[in-house]
Amino acid sequence: MAQMTMIQAITDAMRTELKNDENVLVFGEDVGVNGGVFRATEGLQKEFGEERVFDTPLAESGIGGLAVGLTLTGFRPVMEIQFFGFLYEVIDSVSGQLARQSFRTGGKFNAPVTIRSPFGGGVATPEMHADSLEGLVASQPGLTVVIPSTPYDAKGLLISAIRDENPVIFLEHMKLYRSFRQEVPEGEYTIPLGKADVKREGKDLSVFTYGAMVHESLKAAEELEKEGYSVEVVDLRTVQPLDIETIVASVEKTNRAIVVQEAQKQAGIAANVVAEITERAILSLEAPVLRVAAPDTIYPFAQGENTWLPNSKDIIETAKKVLTF
Amino acid sequence: MAAKKDKQFDPVETLHSIEEKFEMFQILNEEGEIVNEEANPNLSDEELVELMSRMVYTRILDQRSISLNRQGRLGFYAPTAGQEASQLASHYALEKDDFILPGYRDVPQIVFHGLPLHMAFLWSRGHFEGSIIPDGLNIFMPQIIIGAQYIQAAGVALGYQKRGKKAVAMTYTGDGGTSQGDFYEGINFAGAYKVPAIFVVQNNQYAISTPRELQTAAKTLAQKGVAAGVPSILVDGMDALAVYKVTRDARERAINGQGPTLIETMCYRYGPHTMAGDDPTRYRTSETDSEWEKRDPLIRFRKYLEAKGIWNEEKENEVIERAKEEIKEAIKKADSAPKQKVSDFIKVMYKGDLPYNVQEQLDIYTEKESK
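If you read the sequences in order, they're chains A and B.
Be aware that the first sequence starts at 1, since it is given in the numbering used here, and climbs by one per residue.
Be aware that the second sequence starts at 326, since it is given in the numbering used here, and climbs by one per residue.
In isolation and in its complexed conformation, chain A is listed as follows (with noise of 0.2 Å):
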């Protein structure tokens, strides 16, 4: 065990990956030498070469599609946009290739492709940089969308990222790649993705939430504790395809539910879980389930995320009224 923060867990992954199955490539935009811009390649390209860590042209487009032509000669693409907002650039081989490559193809090519990208707000970055838009793959047929919120779940969800044979989203939340240490196992694990985590055990309100939300949601719920409230607080950690089970089982034991996300109310997904819940335990809910989100304004200039963002205040404002509906 060492204590590691997430970004050194998701590279203690990828290490993990590329020794262990030599088609497994990594490349962007300055992975190869420098590292990364966060440092999470930090090394590779060193210990495995310039074959197997790479930098690449400054063209999200051309990556995806450098890692579409990959598949196609058997590699493993573990390829990186260097931020998520320049999803917009890469959209047509992430949505439109490869979610779709096995399905058009019959079932003959599949696309093992992780698509590792940093997001998220709280650290004043300059125009989209910091956007959440899990909601528009996660909208997307054909892929898996992963949002690890500690270094622990970072890499075991990483390696089974890696392994899946189907191409996943890996959203990293750039303040949570050092905001904090944890015991991670040295070597090999995995966790199983599409499998939530109830990071506290709680029996009056179940809050369904992933990224930096969960660490918002921890502290809100302890502040409830205070106030006689058990909040339980389930970590989705795979935002596509949710953990239906865990979510239930959730809902029918505390009869209250709220979803927390850091995008905006249009956006993200917690649309989807509400929908879920009411299709599925709607007898089991004392309360509507209500929702935290951002305002639906583009991301904030940088000054005005304090108060853009969502934080654990608005979450246990919100917990009371649906703790006292």
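Please note that a few of the clues may not be correct.
[To be verified] Going by beta-carbon spacing under 7 Å, a handful of chain A positions derived as facing chain B:
(1) L66
(2) E165
(3) T324
[What the hints assert, rightly or not] With beta-carbon atoms standing in for the labels, derived distance ranges:
(4) P300/A <-> I470/B: 30 to 38 Å
(5) E538/B <-> T297/A: 42 to 50 Å
(6) A124/A <-> I343/B: 53 to 61 Å
(7) I457/B <-> T190/A: 24 to 32 Å
(8) R488/B <-> Y88/A: 31 to 39 Å
These aren't lab readings, by the way, just hints derived from the structure by calculation.
Glycine residues also receive a C-beta, built at the ideal position from the N, C-alpha and C atoms.
Model the placement of chain B on the given structure of chain A, informed by the hints.
Using the frame of chain A, we list chain B on its own:
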């Protein structure tokens, strides 16, 4: 007094001097005479006959496909008549190990690379069994998103380079496609990694109704390779020998580690853009059509082979009959494909376990389909 022209820096002069480098490469003129003996690829008589047969076959395939489409027995179809030299002679320069990433008009190339004809017809109709590429056949199905095949070709070529495979990735787009970002990114990536790729631009003069002149002020499309530092050539796309020669040379350079090539083939499509209601008389004159028909790749190649005494009407009719027969068989075979079910679609979405949502839907549809 007029201002003195600055000889030190004249961007107009620079542009013109570059553009003048891209002269059209030709071996066979419209009369079927060799005008560039030095460049003659010297194909054997057998090879020449095979190439002619493929071009004739494809012309018949085009005529029959248009007719089958009109009868409702084919779906999406993009006519190919006029582009036989560009499509078949470039393909003829490839080997089995080479990988083809075709555009939507490039069905003939993948058929001659090995895709069974009935599968091409199923693809046209919109049936997934048309796209289950047989083992060992190095093709991707026709790309609908114009430009995507270019960036993907760079990836296939990089894969081949990494595997140490002596083979190339070849891809095709049209004149309109050169305006796409992915066109540029594709050739630029291939150049930067010096990978074995051949990029073909089939300049058939029109992107649906938009003439080539409206795509770019560039005098040639071949010169776009200069922006990527990629060797480029403009070739008479109605001349089978010239197309074969430049493609074969590009392949040689590629497998010897000298990187990609961009080839512009100057050609013409006689028919509409697709059979989905495009009417070329709205944007094209019959004068232009007949002007280009004089340059027909079949006419000049036929003359060349006849002069060599290796082709005649009888041989041509044999090919035509064989084509018609095989097309009939293929359509019949396509007719026998089972009707597609939703459960079929679900099953080919993912390799391995299905996510809960589609698994749930598979159960629902399997139940519905059993009734």
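Results for each hint:
About 4 Å separates the beta-carbon of L66/A from the nearest beta-carbon of chain B, less than 7 Å, and the hint is met. Taking 7 Å as the C-beta cut-off, the interface hint given for E165/A holds, the closest approach to chain B being about 4 Å. For T324/A, the interface hint is violated, the least distance from its beta-carbon to any beta-carbon of chain B being 33 Å, above 7 Å. About 34 Å separates the C-beta atoms of P300/A and I470/B, a value consistent with the hinted range of 30 to 38 Å.
One distance hint, 42 to 50 Å for the beta-carbon pair E538/B and T297/A, holds here, with the actual separation near 44 Å. Separation of A124/A from I343/B is about 46 Å and departs from the stated range, judged on CB atoms against 53 to 61 Å. Checked against the hint of 24 to 32 Å, the pair I457/B and T190/A passes, with Cβ atoms roughly 31 Å apart. Judged by the Cβ atoms, the range 31 to 39 Å given for R488/B and Y88/A holds: they are separated by roughly 32 Å.
Hint violations for this structure: numbers 3, 6, all remaining hints satisfied.
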